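My numbering applies: residue 30 is where the sequence shown begins, and numbers increase by one.
Among the clues, some could well be false.
Said to hold, decoys possible - Pairs of lysine to aspartate or glutamate, DMTMM-like flavour, derived with a Cα cap of 25 Å:
(1) K68 - D86
(2) K68 - D80
(3) K68 - E84
(4) K68 - E55
(5) K68 - E58
Derived by calculation from the structure, the hints in this document are not laboratory data. Note that this is a predicted model, so its numbers are computed, not measured.
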Amino acid sequence: MIEEGLDIELGEDEGGFIGMHMINGEVNEEMNRRVNMRKEVNGIVTIVKYDVNMEFDEE
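With these hints in hand, go ahead and build the complete structure from the sequences.
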């Protein structure tokens, strides 16, 4: 696909490296989503904790 679009010839190694970069980008994106979700949940827990004036076991 890249070879056809750019009219160049890539070696097998280059294709592998490009594939690895694409997979790595997807993994990093998923990790960022998880970190953001955890921050959101922690924020909600903090709001609820102060709203009901109660401490809970967060483990």
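Are any of the numbered hints broken by this structure? If so, which, sorted upward? Violated: none.
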